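Undergrad: Each chain, written out:
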Amino acid sequence: MLPLIWKDLLIEFRTKETLVSLLMLGLLTLLVLSLAFDPLSELRPLAAPGTLWVAVIFAGVLGIHRSFLCERENECLQGLLLCPVDRGTIFLAKVFGNALFMLGAQCVILPVFVVFFNLFPSLALLRLVVVLSLGIVGFAAAGTLFAAISVRTRAREVLLPLLVLPLVVPVLIAGVSATAKILAGKGLADVARWLHLLAGYDLLAVVVGWMIFEYAVEE
Amino acid sequence: MAAEAIRAEGLTRRFGAVMALDRISLCVQAGEAVAVFGPNGAGKTTLLRVIGTLLRPTDGRLWLFGHDLRSGSPALRRRVGVLSHQSFLYPDLTAAENLLFYARMYSLPEAGRRVAESVERLELGEWAARPVRTLSRGMLQRCALARALIHRPELLLLDEPFTGLDLEAAAAIERLLREEQQRGATIVLTTHDVARGFAICQRAIILSRGALRWDGPISPAARAEFEGRYAEAVRGAPARAVGEACCL
Amino acid sequence: MLWKNEGSRGAQGSSAERRGKKIPVRAAREVYDKVLPGATFVGVVAALYLVFVYVPNDAYQGPVQRIFYFHVPSAMATFAATGVLALASAMFLWTGREAWDRLAHSAAEVGLLFCSIVLTTGPIWARPIWGTWWTWDARLTTTLILWLIYVAYLMLRNFAPNRELGARYAAVLGVVGAVDVPIINRSVYWWRTIHPAVLRTREGGSGLGDPRMQLTLAVCFAAIALLAVWLLWLRYQTARTADAVAALRQQAAELPEG
Chain G
1 MLPLIWKDLL IEFRTKETLV SLLMLGLLTL LVLSLAFDPL SELRPLAAPG
51 TLWVAVIFAG VLGIHRSFLC ERENECLQGL LLCPVDRGTI FLAKVFGNAL
101 FMLGAQCVIL PVFVVFFNLF PSLALLRLVV VLSLGIVGFA AAGTLFAAIS
151 VRTRAREVLL PLLVLPLVVP VLIAGVSATA KILAGKGLAD VARWLHLLAG
201 YDLLAVVVGW MIFEYAVEE
Chain S
1001 MAAEAIRAEG LTRRFGAVMA LDRISLCVQA GEAVAVFGPN GAGKTTLLRV
1051 IGTLLRPTDG RLWLFGHDLR SGSPALRRRV GVLSHQSFLY PDLTAAENLL
1101 FYARMYSLPE AGRRVAESVE RLELGEWAAR PVRTLSRGML QRCALARALI
1151 HRPELLLLDE PFTGLDLEAA AAIERLLREE QQRGATIVLT THDVARGFAI
1201 CQRAIILSRG ALRWDGPISP AARAEFEGRY AEAVRGAPAR AVGEACCL
Chain F
2001 MLWKNEGSRG AQGSSAERRG KKIPVRAARE VYDKVLPGAT FVGVVAALYL
2051 VFVYVPNDAY QGPVQRIFYF HVPSAMATFA ATGVLALASA MFLWTGREAW
2101 DRLAHSAAEV GLLFCSIVLT TGPIWARPIW GTWWTWDARL TTTLILWLIY
2151 VAYLMLRNFA PNRELGARYA AVLGVVGAVD VPIINRSVYW WRTIHPAVLR
2201 TREGGSGLGD PRMQLTLAVC FAAIALLAVW LLWLRYQTAR TADAVAALRQ
2251 QAAELPEG
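Protein chains in written order, with our numbering: chain G, 1 to 219; chain S, 1001 to 1248; chain F, 2001 to 2258.
For the record, the hints were derived by calculation from the structure and aren't laboratory data.
Residues of chain F clear of chain G, computed beta-carbon distances all greater than 10 Å:
{"no.": "1", "residue": "A2086"}
{"no.": "2", "residue": "I2124"}
{"no.": "3", "residue": "T2135"}
{"no.": "4", "residue": "R2139"}
{"no.": "5", "residue": "R2212"}
{"no.": "6", "residue": "L2248"}
Covered by chain G, per the in silico footprint, the following chain S stretches (three or more residues, Cβ under 8 Å):
{"no.": "7", "segment": "1082-1095"}
{"no.": "8", "segment": "1098-1104"}
Note that the structure is a prediction, hence the values are computed from the model and not measured. The beta-carbon is built from N, C-alpha and C at its ideal position, and this holds for glycine as well.
Work out the full structure, taking the sequences as your base and the hints as a guide.
TA: Structure, rendered in structure tokens:
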């Protein structure tokens, strides 16, 4: 599995395609949603959690999609399938890489989010990072599985969001609810239920994806 | 090493309603070099992909080195090398990095040294340090062959290795294939280049519309019959029965 | 293992296989073809009569409540179809036999139909009763997401590069969706109960004290169940025939000229 991760990191280091896509799309979504809500309105802080997660998810869908496009060129995925390696391992390596990139993009998106919504940088942000990490892992698992599928279809840019978004609703709901509580000053113990949901979803998504990936990728 | 490198019985592969492979039975002894001829769409690529474990057959059975693929382990893939139409090389990495990646994926000891050896043997020179995107077709094919050979497979499957290459590049590949054969590797290649196929291989197979039309040795005596059958296959004549599976 | 399953056998197989295909299956098929349409017709006519003529108005909700007799059985049909879809998808991945894939596809279309009925009758019923078209309670939201998954399933089949891959990918979605839907339901339920509900939602309306209402509901259940099964059957047969035609076409194309 290590060579696979090394390969993805090296390609990303060279081209920076996935990171840049994630970053730019995340920032653009933040901007658009910020414009959509009146900055002077009292209710604006209520929109903060949702805005953050929408940015994460929309950017994530396209970023994960790109990560599979590079496997399509020169049919590299077939080359991977020739190696004496479990298909599930390929899946895990891809999920790891994608989750890492999404988290990396957050290093820029989160500060911008804090600025746009006039939040006070406090411990709450650390708790937020915990929630984001849990959510991103689950999202990356579901996204990677279906990106492998959609990259071989027509209208692939349309199909991937259509496939992934309904299935990651639990991540969205749990993420937004937990974020709202945390931004209101609550501690991690108060959002334990949501954290458990995210952790359970992560586990399920990774395990099911690991088992089913060969059907998505072989012929 | 098992005496039979490949044994296929009744291999069938359908894509929807299209029959790409129609009950193909053949066997290839270890160390043999077989050339597969046939018109476009005959199923040559499909056959190679099935043997290379990239494609599951709809029906039929396949043994590689005596191991049934249905119960064989993924480690069996270590013994097979495939060169396809596509290079399987990541366009944004250099050739050397690609080779290093595959060397690690095959868990080769001293991966760096093997890559250097490979670069030297295939005469990649300074092109090995350039991104694969920038390579010419001939150099790309050579790098792809390096990738296919890096783990020293006992069975080499090549899908139209000479197509699109200039004479020098094609001759270089021919030379390499002979070296591999001398090493004891089994070679199955598909090609439209009858002359080169005959130069390298000792046995020829003709496919047409997914079915086996002819399977025999390459010799002056058999040449006339081969050419007759090949012409028929290209014209699309109806199937004629080929003898039973050749393995004894 | 390199190849997990035996490799799918196509539905056509050889004609010898087809002939040897057990007589009981053919007999069952004839029973379905003859009995199902008739029974469905009777059931639906009876249901319509009962709902629109026989049953009295609900004391609290008035005539609008009659939609309930279509809404609830349709929801049951949707979940049944989802179950069939999930099971058939898993079986298809496991065995590779095309019959399972046809069943999954048929279940998806039938499920989409009844899900659409649920999603349209629901708001029509809700508006006069609750004063709002839509609430975000767990059941409605999950049904909406289910509807989206159905659409995604059918689009995936259509956009796949070929039929085989389309079947396999759709089966992956079917299995993953089946595992995910309960989680989605749970998460929406927690989401709604943690925020105070803006509206009191009361699914199911008032208790069905009147035996006439109970009878109507029972008959509607039966009618819609029959309808769902019959549609599933029809769709499955259509898929079988379409595959057979495609195979024959291919054989014809392969025949020598003249």
